[in-house]
Amino acid sequence: MSRRKILMVRFSHRFLGGTDMFQRLVLALAILLAVGSISAIESGDIAPAWTGSDYSGNLVEFPAGTNGKPTVMVYWATWCPYCKAFMPYLSQIQKDYGADKINVLLINHKERGIGDPTAYVEALDCKAIAIRDGDSIGDTYLVNFIPGLMIIDSEGVVAWKRASTDLPAGIAVGKLWDQQVREQLDQML
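For the sequence shown, the positions run 21 to 209 when this note's numbering is used.
If you're looking for bench data, these hints aren't it; they were derived computationally from the structure.
Hints should not be assumed to be uniformly reliable.
Using 20 Å as the maximum straight-line C-alpha spacing, the simulated PhoX-like pairs for lysine-lysine come out as follows [stated by the list, open to error]:
| id | residue 1 | residue 2 |
| --- | --- | --- |
| 1 | LYS195 | LYS115 |
| 2 | LYS89 | LYS104 |
| 3 | LYS130 | LYS89 |
| 4 | LYS115 | LYS104 |
All of these numbers come straight from a predicted model, not from anything done at the bench.
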């Protein structure tokens, strides 16, 4: 046995209670390092493909269902005041640019059972594709806060992702995101 291995075994017996504990510690450290290297989807990344269901039960595939159009992707929940502040602007963006030029995907995420997402979507004046139970999709994109707001270009690349904000929920933040989304769409179209 090599000197290094002998020292590791002695260390593990003395300080960790045996090699089993040492092996578990090394495994835990390896897992932490692997998880720490995973990062959220950022601008310039290829948007991961996913499959979900809309509120009518129809299968929706991304990016296949985008037909090569830029897509505004919003992760939202009924309880989110920031989502409520932005949704009227999103409806107007959809109307102004038109469903023939852009897609709007509303992905219900982190709902927590507080509100009625179906009623919420039906009340929106927006011709968006609304995905129910989108937690697995949000997890794929590592969306940790909502609204998650990003624009995927016609090639399937994340062109823009909203930054965190210190603004309170309300008209100011809705206007800010409206302006940012429109600037990005104007550059693409």
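Hints, one by one, checked against the model:
1. LYS195 / LYS115: 16 Å, holds
2. LYS89 / LYS104: 25 Å, violated
3. LYS130 / LYS89: 27 Å, violated
4. LYS115 / LYS104: Distance of about 18 Å is within 20 Å: holds.
The structure shown violates the earlier hints numbered 2, 3.
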